[in-house]
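Based on the sequences and whatever the hints tell you, model everything.
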Amino acid sequence: MDRIRNGWFSELSELWPGQCFSLEVKEVLYKDKSKYQDVLIFESKNNGRVLALDGIIQCTQKDEFSYQEMITFLPLCSHPNPENVLIVGGGDGGVAREVDKHPLVKRCVQVIKLNFFKIGRSQLLNPFEPIHESCKYIVLKKYWSKRKTREVVVIQKWW
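Mapping of the sequence shown onto full-length UniProt numbering: position 129 corresponds to residue 129, and the numbering continues sequentially without gaps.
To be clear, the hints were calculated from the coordinates, so they are not data collected in a lab.
Hints should not be assumed to be uniformly reliable.
[What the hints assert, rightly or not] Capping the alpha-carbon separation at 27 Å, the derived lysine-lysine pairs in DSS-like fashion look like this:
#1 Lys-62 with Lys-33
#2 Lys-62 with Lys-31
#3 Lys-45 with Lys-62
#4 Lys-26 with Lys-45
#5 Lys-62 with Lys-101
#6 Lys-33 with Lys-45
#7 Lys-45 with Lys-31
#8 Lys-62 with Lys-26
All values derive from a computational prediction rather than experimental measurement.
And the structure:
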């Protein structure tokens with residue numbers, strides 16, 4: 001379903017009858033239906049780049065930092081030595097960007113379903129972040145079963 005009409009993206013939900021959230025669209029940067037969901041990235045008039053999956057806004061360039069910092073630094077600061085970090089989800093790259101800021105982190109693995117390499121780094125909210133793309137979660141079991149130390153896991157995914 002096309003969520004852009006007359007230059008406006010509108011997020012509608014049966015959960016909120018009588019309500020709608022809309023952003024004015026300057027330019028559609030990317031639109032595709034992946035194996036997992038509908039992906040839309042657009043430049044909005046006031047919020048910068050916007051990532052919407054299945055018609056639901058995931059983050060905007062203007063305010064994503066508040067969520068990304070919280071979901072990242074709460075677990076990192078709660079761990080005595082967060083050298084190894086696993087990110088499940090977080091395909092926009094914001095969590096990876098924040099993990100990279102922590103001085104004790106030595107290794108970060110990110111597993112996402114979306115192929116953002118296909119989309120192109122210039123369309124991402126944070127285009128310079130390295131992203132490990134894989135949809136086989138069995139890799140996680142093999143990787144983590146060999147680890148002898150405690151790790152930090154950040155899960156940015158809705159089930």
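Status of the hints after comparison with the structure:
1. Restraint check: the Cα-Cα separation between Lys-62 and Lys-33 comes to about 25 Å, which is no more than 27 Å; the hinted pair holds.
2. This hinted pair checks out: Lys-62 and Lys-31 have alpha carbons roughly 20 Å apart, not beyond 27 Å.
3. For the given pair, Lys-45 sits about 11 Å from Lys-62 by alpha-carbon distance, which is consistent with the 27 Å threshold.
4. With a C-alpha separation of about 6 Å, the suggested pairing of Lys-26 with Lys-45 holds against the 27 Å cut-off.
5. For a cut-off of 27 Å, the pair hint linking Lys-62 to Lys-101 stands: about 19 Å separates their Cα positions.
6. For the given pair, Lys-33 sits about 24 Å from Lys-45 by alpha-carbon distance, which is consistent with the 27 Å threshold.
7. Restraint check for Lys-45 and Lys-31: the C-alpha separation of about 18 Å stays at or below 27 Å, so the hint holds.
8. For the proposed pair Lys-62 and Lys-26, the alpha carbon gap of about 15 Å is at most 27 Å, so the pair holds.
Taken one by one, the earlier hints all hold for this structure without exception.
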